[in-house]
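K.L.:
Sequence:
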Amino acid sequence: MAKPETLNFYERVYEVTRMIPYGKVTSYGAIAKCLGAAGSARMVGYAMNGASNLEDVPAHRVLNRNGLLTGKHHFKGTHLMQQLLESEGHTVKEDKLQNFEDKFWDPVEMVGFKT
DNA sequence: TTCGTGACAACGG
DNA sequence: CCCGTTGCCACGA
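Residues 1 to 115 (UniProt numbering) are what the first sequence spells out, left to right.
In short, the hints are calculated from the structure, not lab data. There is no bait here: all hints are sound.
Taking lysine-lysine and the DSS-like style, the derived pairs with C-alpha atoms no more than 25 angstroms apart in a straight line are:
1. LYS96 - LYS33
2. LYS76 - LYS93
3. LYS103 - LYS33
4. LYS76 - LYS96
5. LYS93 - LYS103
6. LYS96 - LYS24
7. LYS93 - LYS24
8. LYS24 - LYS76
9. LYS103 - LYS24
Here are the in silico distance ranges between beta carbons for each label pair:
10. ASN8 - GLN83: 29 to 37 angstroms
11. SER87 - LEU54: 15 to 23 angstroms
12. ASN8 - ASP95: 25 to 33 angstroms
13. GLU88 - ASN53: 13 to 21 angstroms
14. GLY39 - SER87: 28 to 36 angstroms
Think of the CB as a built atom: it goes at the ideal place given N, C-alpha and C, for glycine as much as any other residue.
Go ahead and model the full structure; you've got the sequences and the hints to work with.
P.N.:
Here it is, written out as structure tokens:
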């Protein structure tokens, strides 16, 4: 008997990722924590794997806790993710987002979306 | 159901 | 800051 919530796990990630404001970024752990699955940060990225094709889901705004563009290799273009971030006013150096903490957007403080 | 995998995170050195 | 190891949980076969 699988829980219905687990089935929405991917949708959860997509929704949170979609609501990421322009010029902001977040981490997998933050999203996972926002969903109530703090220990499932890996699943967030796993879910994003299918989202990388969805333009509705700005997966390029999702980085690891260190601000590294860990998933850039999964995008259509090798450096597409970095260019997208730079296009939004960010600064990327060696696959690493500069001033990451300043641009970090915590979804937990936005959890009040309540569907 | 079990096994293996993974765009992470946290800890120790 | 970098490096290696461990834990985490959902998904696919």
